[in-house]
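Student: Protein chains in written order, with the working numbering: chain A, 1 to 399; chain B, 1 to 252.
Think of the hints as simulated: they come from the structure by calculation, not from any bench. Quantities reported herein were computed from a predicted structural model and do not represent experimental measurements. Don't take each hint at face value.
[Stated by the list, open to error] Simulated coverage check for chain A against chain B, where a stretch passes if three residues somewhere in it have a Cβ under 8 Å from a Cβ of chain B:
| id | stretch |
| --- | --- |
| 1 | 227-239 |
| 2 | 242-248 |
[Stated by the list, open to error] Ranges between beta-carbon positions, derived for each pair:
| id | chain 1 | residue 1 | chain 2 | residue 2 | range |
| --- | --- | --- | --- | --- | --- |
| 3 | B | Asp81 | A | Val127 | 40 to 46 Å |
| 4 | A | His31 | B | Leu213 | 56 to 62 Å |
| 5 | A | Ser225 | B | Glu16 | 39 to 45 Å |
Ideal Cβ placement from N, Cα and C applies to all residues, glycine included.
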Amino acid sequence: MSARRLQGGSAPLRLLPGALRRGIERFAGRHQSLAVLVGVALVGAFLPVIVGVPPFSGFGNRNDFVDGFANAGVFVLLALGLNVVVGLAGLLDLGYAAFFAIGSYAYAYSASPFSHLDVPFWPMLLVGAMVAATFGILLGAPTLRLRGDYLAIVTLGFGEIVPVVFLNSDTYTNGTNGISAVYQPSAYGLFGIGSFGFGNPWPYYVTVLAIVAVAMMLLYRLQDSRLGRAWVAIREDEVAAASMGVNTVTTKLLAFAIGASTAGLAGVFNASKLSLVSPDQFGFTVSFTILAMVVLGGMGNIWGVAIGAFTLYEVQSVFLKQLTNFVHDIHLPAVDLGFLRLDISAIDFVQYQFLLYGLALVSMMLLRPEGLFPSRERKRELHESAEEAAESNEEVVQA
Amino acid sequence: MTATAGAAAPVASQAERPLLRLDDVHTFYVHVHALQGITLEVFPGEIVTLLGGNGAGKTTTLRTISGMIHPRSGTVHFGDDDITNVPAHKLVRRGVGHAPEGRRIFGRMTVLENLQMGAYTRSNKDELGADFERVFALFPRLRERSGQAGGTLSGGEQQMLAIGRALMTHPKLLLLDEPSMGLAPILVEQIFQVIRDIHAQGTTVLVVEQNALMALGVAHRGYILQTGRIVLQDTAANLRQNPEVQKAYLGG
Chain A
1 MSARRLQGGS APLRLLPGAL RRGIERFAGR HQSLAVLVGV ALVGAFLPVI VGVPPFSGFG
61 NRNDFVDGFA NAGVFVLLAL GLNVVVGLAG LLDLGYAAFF AIGSYAYAYS ASPFSHLDVP
121 FWPMLLVGAM VAATFGILLG APTLRLRGDY LAIVTLGFGE IVPVVFLNSD TYTNGTNGIS
181 AVYQPSAYGL FGIGSFGFGN PWPYYVTVLA IVAVAMMLLY RLQDSRLGRA WVAIREDEVA
241 AASMGVNTVT TKLLAFAIGA STAGLAGVFN ASKLSLVSPD QFGFTVSFTI LAMVVLGGMG
301 NIWGVAIGAF TLYEVQSVFL KQLTNFVHDI HLPAVDLGFL RLDISAIDFV QYQFLLYGLA
361 LVSMMLLRPE GLFPSRERKR ELHESAEEAA ESNEEVVQA
Chain B
1 MTATAGAAAP VASQAERPLL RLDDVHTFYV HVHALQGITL EVFPGEIVTL LGGNGAGKTT
61 TLRTISGMIH PRSGTVHFGD DDITNVPAHK LVRRGVGHAP EGRRIFGRMT VLENLQMGAY
121 TRSNKDELGA DFERVFALFP RLRERSGQAG GTLSGGEQQM LAIGRALMTH PKLLLLDEPS
181 MGLAPILVEQ IFQVIRDIHA QGTTVLVVEQ NALMALGVAH RGYILQTGRI VLQDTAANLR
241 QNPEVQKAYL GG
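Pulled out of the complex, with its shape left as it was, chain A reads as follows (with noise of 0.2 Å):
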């Protein structure tokens, strides 16, 4: 039988890339770092100039636009992270908020009036970053030892119970009320567009897409090192993974302390640029919107994962007020059909964005379970057997 696929392997016939498409794959491929810090750059130099040209010019004004970038941007990091955890590690995290959190209420805590604390932004990240990865590895430590679905369940205890806790220390959190006026980061002018302020959504981007460029820099060189071949050796089986000579359990921890420290990082970038942080912040929605943005953008795919982070972020913050005020605004005369009376012109469509994201995953796991920009071995592994035997038949008729 498989005698006769000797040539089995053989890449599929596929339409040729431009020369430019090449030139680009060539240039990234050697220069990896480079490229991810200009592709981010360009993003980033781009989005502004986009939403100043109908039709998105009619939505809203550019500062509004790029202060939602800035948003945006806390969401793409907190699903990059999510994504060393649960796209390459393969362990499934359902309470990564947690982490979000903690780094949140360790830049609250140390710059703000409630504690007459005033430690400045910049080395808060980092700090907010390594606190964030402690808890990660104390969470990991006990229950590493699960599988599958007894590890979800326990990381969605942590995920409860954390801003549980954070309600409770009123001492340490200001309970219900949260931390307010957190100070907002400092910076001298940052490259000349202005300081840090409500008002000036500016700096805000820019920092946070230096730090995704960086985030991503390093993500890409993570993925391409032993640890990341020991990740995807674990996702794919653990036994094999230990006979190659793994180490399980410290391979699984750094998963779990890289993907903390980068919710870290944007807790607290997150908390300066918000000014307030309330446990509220930081429930299940907030997990699973995460979880959902990464198998939006395809699990363990950088660039994908930031992709669909950003587009979930947009059409949740943008995409579906708009739908709304739309909608609002024809005027659909309302449907009344005597149980039920149908008024389109009224629905507030951003009160369905979880109804929306369910129907999106379904959609998405029955279409293309892969992700919008899928891995190269999830890719591997949804298409190429479906292909092998699309061959396999091919030569039997042949034959």
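The hints should help you fit chain B onto chain A, whose structure is shown.
Tutor: Frame of chain A; chain B shown alone:
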């Protein structure tokens, strides 16, 4: 069956110290007493086979040796080192290569990436290149399929990959768990020929098998396990002649 104590004829370099020695090993799965005092030795340059029916403890013995599970009592020595409680990932560096039960190929990695995972603990580039060549020489099929995902290989190819991947750890002792399982007879012949080749290249092999006929064909010595105990040990030639072995395992 009676134990034929110490009847092993000297093979190759048996005057040396054993490469592997299990001494009265008891291993439990929580409450199940899986290994009930296993004592066995593998000398450098030998092919030794561990035979027995389902649930006899063959796989548990291999898992105990390779550090996937630790015995409750007894000792495991590798060379001069006590490895009783050394975790699996450290044993790989010391030279215990394990092709576990059920192949456990990394399905989404290519054949080449699977082999590279086998070389995870190694850094010497020259040695590595030679080992890749060695594996591809033993299994030309793997070279042909090197870009293909492991999960799309046939059963026989996956078994070749599992053995090749274990060889990439550059083991002094290669542990093979039922390499013939689920394979067509012609492939079983091939796999056992490769085991001979690997041995000829200087690797000591401990192979667990249900296919006693094939295993006793390549092995120098054999142990027979029943419900966690070794009930018989002898040279492969003697075991083949033993009427009880013939009746129970060789269909004679």
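Student: Determine which of the earlier numbered hints do not hold for this structure and return their numbers in increasing order.
Tutor: Structure breaks no hint.
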